Amino acid sequence: MQESGNSFENYIKDGKRFESDSDYKQGWIAGESEGKKLQAEATAIGKGAAAGYPQKSTTTDLDEVAKDTLKSVDTSGLENLK
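So in my numbering, the last spot in the sequence shown is 85, and the numbers never skip.
FYI, nobody ran anything at the bench for these hints, they're computed from the structure.
Treat the numbers as computed from the prediction; the structure is a model and nothing was measured.
As a list, the in silico EDC-like pairs of lysine to aspartate or glutamate whose alpha-carbon atoms are at most 20 Å apart:
no. : residue 1 : residue 2
1   : Lys19     : Glu35
2   : Lys59     : Asp71
3   : Lys74     : Asp64
4   : Lys70     : Glu82
5   : Lys16     : Asp26
6   : Lys16     : Glu37
7   : Lys28     : Asp17
With the sequences and hints as input, model every part of the structure.
Right, here's the structure in full:
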């Protein structure tokens, strides 16, 4: 499990006991599997929530940029350029 502030992330497995005690080994394996399952569920929920937000278009319409730029510019003297 990789979550910031997770107090259960730092438990250290006793390697000797893991190899010699089948109940201990089974408990570690079950705990790790459950933790990974919960992490995957949390990730899926987060991605689902993020997908609900509208995505802003990354393409730029240059005509729109030009129009937006000229909105605050006084163009009244441009007719004299002809």
